[in-house]
Amino acid sequence: MGSYVVRRILLMLPTLFGIMLINFMIVQAAPGGPVEQMIYRLQHANIVQSGASLEAGDAQQKVRGVPPDIIARINTMYGFDKPAYERFWIMIENYVVFDFGNSFYRDTSVIELIKEKLPVSISLGLWSTLLIYFISIPLGIRKAIYHGSKFDIVSSAVISVLYAIPGFLLGIILIVLFAGGSYWDWFPLRGLTSNYFDQLSWADKVLDYLWHLVLPLLAYTISGFATLTMLTKNSFLDEINKQYVVTAQAKGLNKKQVLYRHVFRNAMLIIIAGFPAAFIGIFFAGSLLVEVIFSLDGLGLLSFEAVTTRDYPVFFATLYMFTLLGLVIKLLSDLVYVWVDPRIDFQSREH
Numbered sequence: 001m002g003s004y005v006v007r008r009i010l011l012m013l014p015t016l017f018g019i020m021l022i023n024f025m026i027v028q029a030a031p032g033g034p035v036e037q038m039i040y041r042l043q044h045a046n047i048v049q050s051g052a053s054l055e056a057g058d059a060q061q062k063v064r065g066v067p068p069d070i071i072a073r074i075n076t077m078y079g080f081d082k083p084a085y086e087r088f089w090i091m092i093e094n095y096v097v098f099d100f101g102n103s104f105y106r107d108t109s110v111i112e113l114i115k116e117k118l119p120v121s122i123s124l125g126l127w128s129t130l131l132i133y134f135i136s137i138p139l140g141i142r143k144a145i146y147h148g149s150k151f152d153i154v155s156s157a158v159i160s161v162l163y164a165i166p167g168f169l170l171g172i173i174l175i176v177l178f179a180g181g182s183y184w185d186w187f188p189l190r191g192l193t194s195n196y197f198d199q200l201s202w203a204d205k206v207l208d209y210l211w212h213l214v215l216p217l218l219a220y221t222i223s224g225f226a227t228l229t230m231l232t233k234n235s236f237l238d239e240i241n242k243q244y245v246v247t248a249q250a251k252g253l254n255k256k257q258v259l260y261r262h263v264f265r266n267a268m269l270i271i272i273a274g275f276p277a278a279f280i281g282i283f284f285a286g287s288l289l290v291e292v293i294f295s296l297d298g299l300g301l302l303s304f305e306a307v308t309t310r311d312y313p314v315f316f317a318t319l320y321m322f323t324l325l326g327l328v329i330k331l332l333s334d335l336v337y338v339w340v341d342p343r344i345d346f347q348s349r350e351h
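So in the working numbering, spot 279 of the sequence shown is number 279, and the numbers just go up one at a time.
These aren't lab readings, by the way, just hints derived from the structure by calculation.
What follows is a list of derived Cβ distance ranges for each label pair: (1) Phe134 to Leu207: 14 to 24 Å; (2) Lys205 to Ser333: 30 to 40 Å; (3) Gly180 to Ala29: 42 to 52 Å; (4) Pro138 to Tyr163: 12 to 22 Å; (5) Pro138 to Ser333: 19 to 29 Å; (6) Phe264 to Thr308: 39 to 49 Å; (7) Leu269 to Trp186: 37 to 47 Å.
Under the rule of at most 30 Å between Cα atoms (straight-line distance), these lysine-lysine pairs were calculated in the BS3-like manner: (8) Lys242 to Lys255; (9) Lys205 to Lys117; (10) Lys115 to Lys205; (11) Lys150 to Lys256; (12) Lys242 to Lys150; (13) Lys150 to Lys255; (14) Lys330 to Lys115; (15) Lys256 to Lys242; (16) Lys330 to Lys242; (17) Lys117 to Lys330.
Note that this is a predicted model, so its numbers are computed, not measured. We put the CB at the ideal spot given by N, CA and C, even for glycine.
Please put together the full structure from these sequences, using the hints given.
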């Protein structure tokens with residue numbers, strides 16, 4: 001198993017390199033980079049200033065462009081005075097030691113920005129993942145055991161309705177109903193803590209933090225909750241109908257013993273296999289709309305703003321970290337595979 005882990009780690013390097021290279025090439029080909037944006041702002045500022053004393057046509061004629069020496073300074077400021085391949089290698093060399101540089105438009109380093117936004121994403125991602133798994137797995141197992149019953153039919157109908165509601169739409173509904181929109185003002189609308197958070201006792205700080213999390217977590221977990229519940233049910237239902245279950249029952253084991261000694265281990269494999277994608281999706285990708293609706297300044301919003309403003313250091317740094325984290329979690333899920341079912345041997349399958 002040790003050699004398998006080493007090979008997987010070595011395979012991460014070209015995978016990470018390839019993802020960064022492809023995205024770098026796409027970004028370089030996209031118009032409207034930081035240099036172009038800075039030139040546009042300078043041109044617009046000059047035109048506005050000239051418009052006070054000149055007709056619009058004369059102002060446009062006077063300001064035809066930014067002087068070449070200014071453009072050269074802008075290119076140097078953003079690092080575009082070097083060819084693309086050289087900029088890419090410099091970026092990779094720095095990223096290997098987690099040196100992500102400074103944001104183009106914010107007067108701070110990328111690392112400080114990520115540290116500033118990380119608590120929001122951790123709060124949403126961690127608690128929503130725990131809620132989804134702790135509710136969905138027991139519910140899915142119960143639905144599989146009582147397949148076809150009234151409980152199964154009613155719960156499936158409720159889950160289908162919940163799955164059809166987008167998280168951002170549910171968030172708006174929750175704000176309207178419970179955050180002072182049109183009905184009750186029970187929950188706060190902004191942030192993860194109150195303005196007077198520092199003045200609270202330890203116990204009150206915990207309650208205040210959880211109080212702010214209620215509505216975002218409801219909006220955040222609804223679709224993942226529905227998906228994992230049905231996945232768990234189908235996985236357990238498939239295992240329950242297999243021959244080894246009948247054999248175990250024939251040997252005198254009761255249903256609970258068969259379920260948790262045999263079925264559980266096999267049925268959980270597919271759920272474990274989907275954990276990395278689910279975790280990354282919940283932790284990062286799914287946070288943008290919820291963060292915007294509830295005014296939560298996290299990594300999702302930071303990444304989106306970096307793309308729209310062409311803040312390349314922030315964009316590539318978050319891409320690098322998300323990709324690296326995803327590869328590491330995928331490896332960890334394989335190790336959990338072996339822990340759950342020792343019969344699985346990834347090393348032998350490679351031969």
